[in-house]
Every structure is written in C-alpha cells, then in structure tokens.
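Sequences and hints are given; from them, build the entire structure.
The listed protein sequences derive, respectively, from chains A and B.
If you use my numbering, the first sequence corresponds to residues 1 to 464, in order.
If you use my numbering, the second sequence corresponds to residues 1 to 153, in order.
Please note that the accuracy of each hint is not assured.
Within a straight-line C-alpha distance of at most 25 Å, the following computed DMTMM-like cross-link-like pairs (lysine to aspartate or glutamate) qualify [as the list claims (entries may be wrong)]: (1) A:99 - A:59; (2) A:282 - A:217; (3) B:66 - B:3; (4) A:441 - B:82; (5) A:207 - A:78; (6) A:441 - B:3; (7) A:229 - A:78; (8) A:441 - B:145; (9) A:58 - A:87.
Derived Cβ-Cβ restraints for the label pairs, each shown as a range [what the hints assert, rightly or not]: (10) A:49 - B:147: 27 to 33 Å; (11) B:127 - A:319: 28 to 34 Å; (12) A:79 - B:150: 48 to 54 Å; (13) A:52 - B:127: 43 to 49 Å; (14) B:127 - A:109: 36 to 42 Å; (15) A:60 - B:29: 48 to 54 Å; (16) A:75 - B:56: 53 to 59 Å; (17) B:112 - A:432: 35 to 41 Å; (18) B:127 - A:168: 47 to 53 Å.
Since the hints were made in silico from the structure, they are not lab data.
All C-beta atoms in this analysis are idealised placements derived from N, C-alpha and C, irrespective of residue type, glycine included.
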Amino acid sequence: MFPVIIGVIATGHGGNQEWIAAGIAFFIAAFAVGAYWTTRFDIEPDHVVYQTGWIFRKDRRIPLKQIQNVNIRQNLLERLLKVATVDVETAMGHGRDLKLSVLTLPDAERFREELLGAAHLESGSAPKPEEAVVRLTNHDLLLGALTENHLAQSIVILMTVGGSSLGLAFRFADKLSAVAAPLVFAGGLALLLVGAWLWGAGAYYLKFGGFVVHRSEHIFRISYGLLNKVQLSIRPGRIEYVHLTTTVLQRLMDRTSLHLGTAGSFGEAGVFAPVALFVERKVAYDGASEVIPGLDIEDLNWQPFDRIFYRARVARSLLNIVVLTSLAALLNVYGGLSLVWPAWGFFMLLIAIRLATLFLAKPENGFAVTEDTLVVRSGYFHQSISAMPIIRMENIAVRQPMWWRRYGASSVIAQAMKHRIPVPAMPDSEIENLLSRWRDKIDTPENLSLYELIVPRETIPDPV
Amino acid sequence: MNEIERPDEKVLFVWRAEVLTSWGILTAVVLGCAVLSVTGAGAPAWFYTFAGFPLGCGVLALFLLKLRWERWTFQITPHTLEMSHGWLIRHRRIVSLNRIQHVDFESGPIGRRFDLVHIVVHTAGARVGTIPGIRSERAERLRTELMSGPKSL
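Listed below in structure tokens is the structure:
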C-alpha cells in the first residue's frame with residue numbers, strides 16, 4: 001500500500017492517478033481487515049485448528065502429536081508495535097506450517113504455552129518449572145563475536161568496497177612515491193579487512209545479544225536477539241543432529257559453540273538452533289552427550305579420512321591452477337589487460353590458502369562410528385564436529401568415482417529427516433560396518449515408535 | 001528378500017530420445033551453418049571446433065547409455081530399498097523402507113509408448129531416488145511393496 005502511494009506522489013500531477021491509488025489502497029486495506037476478522041485459531045483436544053480466508057476459506061488442522069517446534073519471532077517493526085509472530089512447525093510440511101501474525105507478546109506466549117502444554121499432555125506428563133541453563137554474559141558475547149569466523153563478510157566487503165577502492169587506488173598510485181604507494185595500499189587493505197571483521201562481529205553481537213537457554217524436562221527454550229528477537233523451542237526427543245563449531249582463536253581459549261538440529265527445524269535455510277555459544281569445551285561436550293546418550297566426544301576412536309580425499313583435492317587444485325594460468329596467458333596475449341596478472345595472483349593465493357587449510361586440518365580430520373552414532377570432525381580455521389544418531393538416519397548415499405576404487409574408499413552422506421552428515425572419504429569396510437549397524441536398528445520397535453512420534457503413520461497418504 | 005532387479009531394457013529408447021532432444025537443437029544449428037558454408041556464407045573455422053566437441057559428446061553419450069542400463073540395479077531387502085547405478089562414478093543409495101512416505105510415478109510420451117514409468121521415492125526429508133523404466137504392472141506391485149513398510153520385525 002505504501003509503495004503505491006509513494007509512487008503516485010513521486011510521479012507528480014497525473015490526472016486520475018491519486019484516485020486509482022486510493023482505490024487500490026482501499027481494497028488492500030479492506031482485504032487486510034477482512035483477513036483479520038476471518039482468521040481464527042483454537043486448540044482442540046488433539047488438534048490445533050486454524051481457519052482463515054474471506055472469499056476462499058482455508059481450514060487447517062494439525063495434530064498436536066506432530067508439532068515439532070513452536071517459535072516466537074519479532075522483527076524490529078513488531079517490537080516497536082509490541083506484537084509478535086508465532087510459527088508452528090511440523091515434520092510434514094515445509095518450515096512454517098502455521099504462521100500467526102500480529103499477536104500481542106503475552107498472547108503469543110500464552111498460546112505457545114497452551115500448545116506445548118497440550119502436546120505434553122499427549123505424552124502423559126506435566127512440564128516442570130523451567131530454569132535457565134545457559135546465559136551468555138556480555139563479556140563472553142563480545143569475545144565470541146570477535147573470535148567467530150567472519151570470512152563471508154570479509155569476502156563480501158572485499159568484493160564490493162574493495163573492488164571500487166582498488167580502482168580509486170590505481171588512479172592515485174602514480175601521484176605517490178614508489179615506497180609510499182605499496183605502504184598506503186597495504187594499510188588500506190588491512191583497514192578494510194579489520195573493518196569487515198568488526199562488521200561481522202557487530203552483526204553477531206546484535207543477532208545473539210541476550211542469549212538465554214531455558215530447560216525443562218520436555219523443552220529447550222532458546223531466546224536471543226537485540227534487534228530481531230527470536231525464541232526457539234526444541235523438544236529433546238526430536239533431536240537428530242548435533243553440531244559443534246570452533247574457530248582457531250576459540251580453540252586457543254578452549255571455547256566452542258553447540259548447535260542442535262531437530263527433525264522440524266527446517267525452512268530456515270541452514271539455521272538450526274544454537275544452544276550454547278562460546279562455552280567451555282567441556283560444557284559443550286557434556287551438552288552433546290546429554291542429547292545423544294552415550295556420545296563421549298573426548299573418548300572416540302577417530303579414524304582419518306582415506307588418503308584419496310587429500311589426493312583428489314590436490315589434483316583438483318592443480319587442475320584449477322593449470323586452467324587459470326592458461327586462461328590468464330590467453331587473455332594477456334589477446335587482451336593485454338593490466339589487471340590479468342593481479343587477478344591471477346589473487347586466485348592463486350586463494351588456492352594456496354585452501355590447500356594449506358586442508359593440510360593443517362589433516363591431523364584432526366576424521367570420523368568415528370560408535371555403536372549408535374556417526375561423528376565427523378573436519379576443518380581447521382572453522383573446525384566442526386557433527387554427530388548423528390544412527391537410528392535417526394533415513395537414507396545413506398555412497399558415491400565412488402572409478403579412480404577411487406583401488407583405494408577401497410567412497411564418500412558417504414547419511415541423511416536424517418532434515419539434516420545430513422557427509423564423510424568425504426570412508427574406507428569401504430567402515431561403510432559396511434555403518435550400514436550393518438543401521439540395518440540392525442531401522443526396524444527395531446524403538447525406531448518405529450520414534451518415527452510414529454514424528455510422523456504418525458495414519459497421516460501418510462495412501463497410494464492413489 | 002527380493003532378487004536384484006534392473007530397469008526394463010526398453011528404457012534405452014527413452015534415454016536415447018532424451019539425449020537426442022537435448023543435442024538436437026545444437027545439431028540443427030551446426031547443420032544450418034554447414035548448409036550456409038556450402039552456399040558460400042561460411043561460418044569461421046573455430047565455430048566447428050567448438051560445436052564439434054559437444055556433438056561428439058552427444059554421440060558418445062548414446063553409446064554409453066547401454067552401459068548405464070547394465071549398471072542400474074535395485075533390490076528390496078527386508079528392511080531397505082537399495083539402488084545402485086553409474087559406471088564412471090558409482091552411486092549407491094540405501095533407503096529405510098519404514099521411512100518411505102510416498103512413491104510417485106512419472107512417465108513421458110515415449111515412456112508411455114513402451115508402457116514404462118519412472119518410480120520416484122520420497123521420504124519425509126527428501127526425494128531420495130528415481131528408479132527408471134519399470135513396466136507399469138511391475139511398478140504397481142513395487143509401489144505396494146515399498147509402501148507396505150518393512151516385511152518383518
């Protein structure tokens with residue numbers, strides 16, 4: 001509505017435009033009011049009911065058993081207006097299966113309580129009072145923000161601000177002396193990188209400010225955000241993925257972050273809930289073993305990725321070098337552009353950094369298959385440990401290029417309902433080991449009941 | 001445990017048709033240029049070098065389809081559906097039967113001529129795989145087997 005009005009004002013004195021705009025605005029407003037008056041939601045003994053629509057009615061019922069997460073969100077505008085949006089997620093749909101906008105915050109919280117409470121009663125026990133288990137102090141938040149990995153932001157800054165200032169720099173370079181020019185250039189670059197890093201840290205600070213995790217018997221409740229406030233609820237019984245990340249600086253400080261993925265936390269493009277940020281490594285490990293019983297990360301039998309993984313990576317880098325060099329030479333012969341070789345150097349630097357990272361990470365890279373869990377550790381500057389209970393796996397994909405056959409290794413991706421865990425090169429004997437453990441578990445009554453809990457069998461559509 | 005099965009051999013016609021349509025446009029362009037060059041308004045020599053390469057790939061792909069068919073196998077075991085295919089890069093995918101949510105049939109005009117359907121298997125998380133070229137009568141039975149879940153506990 002606003003863009004239309006602004007558009008009309010901006011385009012000036014056209015004859016009927018104001019009336020047309022007013023008409024459109026009126027209709028939009030009328031529809032909004034209509035939508036407001038016709039939207040209803042209610043919690044019934046075993047369903048949550050949501051009805052909306054004025055001309056086309058929609059009636060949606062979600063069995064309480066299927067509800068995975070209930071999240072409350074507030075963006076900046078909503079915070080100013082003191083209202084909130086409630087998202088109800090199930091395993092069947094795609095992210096937000098039910099979205100209730102413009103509730104007052106107390107109403108939203110009451111609704112969530114009722115919804116989760118009703119869902120709890122299904123499982124036959126009442127929730128206990130909650131206690132805060134993790135609270136991020138301001139000092140830790142600041143340190144965490146500074147030591148996180150902000151490479152993505154740095155690259156964006158380099159590509160946008162960096163590119164245009166490079167053009168400027170070249171214009172002024174010949175006015176400076178031969179000694180001063182590289183110094184000024186290097187100084188500018190350093191300033192840009194530091195700025196990018198601080199920008200990333202600031203974004204992290206705003207995103208995770210006020211980070212608190214409450215825990216009761218049935219629920220993890222996570223809330224954070226200085227500008228956009230997010231409240232996430234996770235049921236521990238639905239967790240299918242555990243992810244720990246540590247940057248180099250954090251490793252020196254013995255700190256790490258723990259994220260959990262549930263079957264329903266999708267629709268959020270790779271965001272799964274953080275439950276502990278910048279905590280001591282021991283605390284994060286304990287947290288991981290609490291949600292996946294029997295997982296002791298410090299006492300795992302790590303096995304390295306097969307050597308073909310490193311050889312393949314090196315071969316790919318060499319191929320890239322050959323292709324880029326011949327491309328640069330070709331451009332130099334035909335175009336004679338002055339920027340070809342600096343650009344070539346930049347890409348060579350990137351390849352060198354990637355290779356160096358690969359070999360720095362090599363001693364710690366590896367995987368472990370325990371009785372119930374698959375764990376993978378990889379990365380150096382941003383090391384991650386991912387774990388998935390074998391019983392949660394839905395399918396396993398094995399990929400073996402022809403030239404890997406004589407190494408007897410393949411790459412494996414194990415996928416649960418929403419999260420996947422890749423092992424880049426695993427010896428075939430270990431794959432068989434993993435598969436046999438998985439086969440033993442998939443049809444145990446425990447797994448079947450787990451699955452019924454997530455997606456009740458009666459909701460699966462019959463073949464037509 | 002069911003025995004190891006493979007797609008119907010007639011699926012090769014479907015695959016060939018797919019390759020031919022994807023390369024057909026390019027072939028038409030190259031032929032057009034060749035005709036022009038005969039009439040005098042020739043395309044430059046580099047054009048044929050670049051156009052010849054994908055054309056060659058297309059012809060090669062036609063011959064490789066047989067190999068692709070030979071390598072495509074699938075099997076329903078008591079707990080899982082196992083699919084395996086690929087020659088240059090070997091793919092294996094094992095799906096838990098009790099996690100299969102729905103099974104779709106897809107068939108194009110050429111597939112329908114030979115009474116063939118592609119079977120697309122979905123779990124709650126993802127589209128996990130497509131078994132190509134199954135006779136529709138076998139496909140119906142296969143769908144029932146896949147949807148009825150694990151055979152024994």
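Verification of the hints:
For a cut-off of 25 Å, the pair hint linking residue 99 of chain A to residue 59 of chain A stands: about 13 Å separates their Cα positions. Restraint check for residue 282 of chain A and residue 217 of chain A: the C-alpha separation of about 22 Å stays at or below 25 Å, so the hint holds. For a cut-off of 25 Å, the pair hint linking residue 66 of chain B to residue 3 of chain B stands: about 22 Å separates their Cα positions. For the suggested pair residue 441 of chain A and residue 82 of chain B, the alpha carbons sit about 16 Å apart, so the restraint of at most 25 Å is met.
Distance check on the hinted pair: residue 207 of chain A and residue 78 of chain A sit about 16 Å apart at the alpha-carbon level, within 25 Å; holds. Taking the CA atoms of residue 441 of chain A and residue 3 of chain B, the gap is about 23 Å. The hint holds against a cut of 25 Å. For the hint pairing residue 229 of chain A with residue 78 of chain A, the CA-to-CA distance comes to about 10 Å; that is within 25 Å, so the pair holds. A C-alpha spacing of about 20 Å is found between residue 441 of chain A and residue 145 of chain B, which places the hinted pair at or below 25 Å, so the restraint holds.
Proximity of residue 58 of chain A to residue 87 of chain A is assessed by CA-CA distance (about 17 Å); at most 25 Å being required, the pair is judged to hold. One distance hint, 27 to 33 Å for the beta-carbon pair residue 49 of chain A and residue 147 of chain B, holds here, with the actual separation near 29 Å. Checked against the given bound of 28 to 34 Å, the beta carbons of residue 127 of chain B and residue 319 of chain A, roughly 31 Å apart, stay inside it. In this structure the hint that residue 79 of chain A and residue 150 of chain B lie 48 to 54 Å apart at CB holds, the actual value being about 50 Å.
A hinted range of 43 to 49 Å for the beta carbons of residue 52 of chain A and residue 127 of chain B is inconsistent with their spacing of about 30 Å. At about 37 Å, the CB distance of residue 127 of chain B to residue 109 of chain A agrees with the hint of 36 to 42 Å. At about 51 Å, the beta-carbon gap between residue 60 of chain A and residue 29 of chain B stays in the expected band of 48 to 54 Å. The hinted range of 53 to 59 Å is satisfied by residue 75 of chain A and residue 56 of chain B, whose Cβ atoms lie roughly 55 Å apart.
Look at residue 112 of chain B against residue 432 of chain A: about 40 Å separates their beta carbons, and that is inside 35 to 41 Å. The beta-carbon spacing between residue 127 of chain B and residue 168 of chain A, approximately 49 Å, falls within the hinted interval of 47 to 53 Å.
Going through the hint list in order, the structure does not satisfy hint 13, though it satisfies all others.
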